[in-house]
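All chains, please: the whole structure from these sequences, using the hints.
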Amino acid sequence: MAKIVSTDLFAGLVRTTMHLDLDDLIEAAVPQTFKPHGLHQFSHPTESGDSVVAPVEKANVLAMLDEVTSLEDVHKLESP
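Just so it is clear: in the sequence shown, position 3 is 81 by this note's numbering, and no numbers are missing.
Hints in this document: simulated from the structure, not taken from any laboratory.
For glycine and all other residues, C-beta sits at the position ideal for the given N, C-alpha and C.
Possibly wrong hints are sitting among the right ones.
Lysine to any residue pairs mimicking SDA-like chemistry, simulated, CA-CA at most 25 angstroms apart [stated by the list, open to error]:
#1 Lys81 with Met96
#2 Lys154 with Val130
#3 Lys81 with Val92
#4 Lys136 with Glu150
#5 Lys136 with Asp151
#6 Lys154 with Met142
#7 Lys136 with Thr147
#8 Lys136 with Val152
#9 Lys154 with Asp144
#10 Lys154 with Val139
#11 Lys136 with Glu156
#12 Lys136 with Leu155
Quick list of simulated restraints, FRET-style, between CB atoms [to be verified]:
#13 Leu155 with Pro114: 35 to 41 angstroms
#14 Asp99 with Asp151: 54 to 60 angstroms
#15 Gln110 with His153: 47 to 53 angstroms
#16 Asp102 with Asp144: 53 to 59 angstroms
Laid out in C-alpha cells, this is it:
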C-alpha cells in the first residue's frame, strides 16, 4: 500500500533560493590622483638641429629590416 507524502513536510529542509555575498572578497578601489600638467612646449618647426627624425628611403628601410634576425639586432636599430 502506497502512502502519499505531502510536500509541506520537506518545506523547511529544501532550500529553493540562495544568496551569496562576495563583498568581502572584492578589494576597495585605489583612488587615482592626477597631477595637472602645464602647457606643452613644442619646438618651432623651422628650428634646425633639434630633431632626431630624418627621411629614409624605403629601400634602405627594407634592407635594414632584412638584417634583423634576433632581439639583439632590434636593439641595434635603436642606436644611430
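To see whether the hints hold, each was checked on the structure:
1. The suggested pairing of Lys81 with Met96 is violated, with an alpha-carbon distance near 31 angstroms, which exceeds 25 angstroms.
2. Pair hint Lys154 plus Val130 holds up; C-alpha atoms about 16 angstroms apart against a cutoff of 25 angstroms.
3. Between Lys81 and Val92 the CA atoms are separated by roughly 21 angstroms; this keeps the pair inside 25 angstroms, and the hint holds.
4. Between Lys136 and Glu150, the direct Cα distance comes to roughly 23 angstroms. Compliance with the 25 angstroms bound is thereby established for this hinted pair.
5. For a cut-off of 25 angstroms, the pair hint linking Lys136 to Asp151 stands: about 19 angstroms separates their Cα positions.
6. Between Lys154 and Met142 the CA atoms are separated by roughly 11 angstroms; this keeps the pair inside 25 angstroms, and the hint holds.
7. A threshold of 25 angstroms between alpha carbons decides the hint, and for Lys136 with Thr147 the separation of about 19 angstroms falls inside it, so the pair holds.
8. Straight-line distance between C-alpha atoms of Lys136 and Val152 comes to about 18 angstroms, which keeps the hinted pair within the 25 angstroms bound.
9. With a C-alpha separation of about 13 angstroms, the suggested pairing of Lys154 with Asp144 holds against the 25 angstroms cut-off.
10. Proximity of Lys154 to Val139 is assessed by CA-CA distance (about 14 angstroms); at most 25 angstroms being required, the pair is judged to hold.
11. The suggested pairing of Lys136 with Glu156 holds, with an alpha-carbon distance near 17 angstroms, which does not exceed 25 angstroms.
12. Taking the CA atoms of Lys136 and Leu155, the gap is about 15 angstroms. The hint holds against a cut of 25 angstroms.
13. Distance hint for Leu155 and Pro114: a CB-CB separation of about 36 angstroms, consistent with the stated range 35 to 41 angstroms.
14. Taking the beta carbon of each, Asp99 and Asp151 are about 55 angstroms apart, inside 54 to 60 angstroms as hinted.
15. For the pair Gln110 and His153, the supplied restraint of 47 to 53 angstroms is violated, since their beta-carbon distance comes to about 34 angstroms.
16. Taking 53 to 59 angstroms as the suggested C-beta distance range, the pair Asp102 and Asp144 conforms, at roughly 58 angstroms.
Violation of the numbered hints given earlier is confined to hints 1 and 15; the remaining hints are satisfied by the structure.
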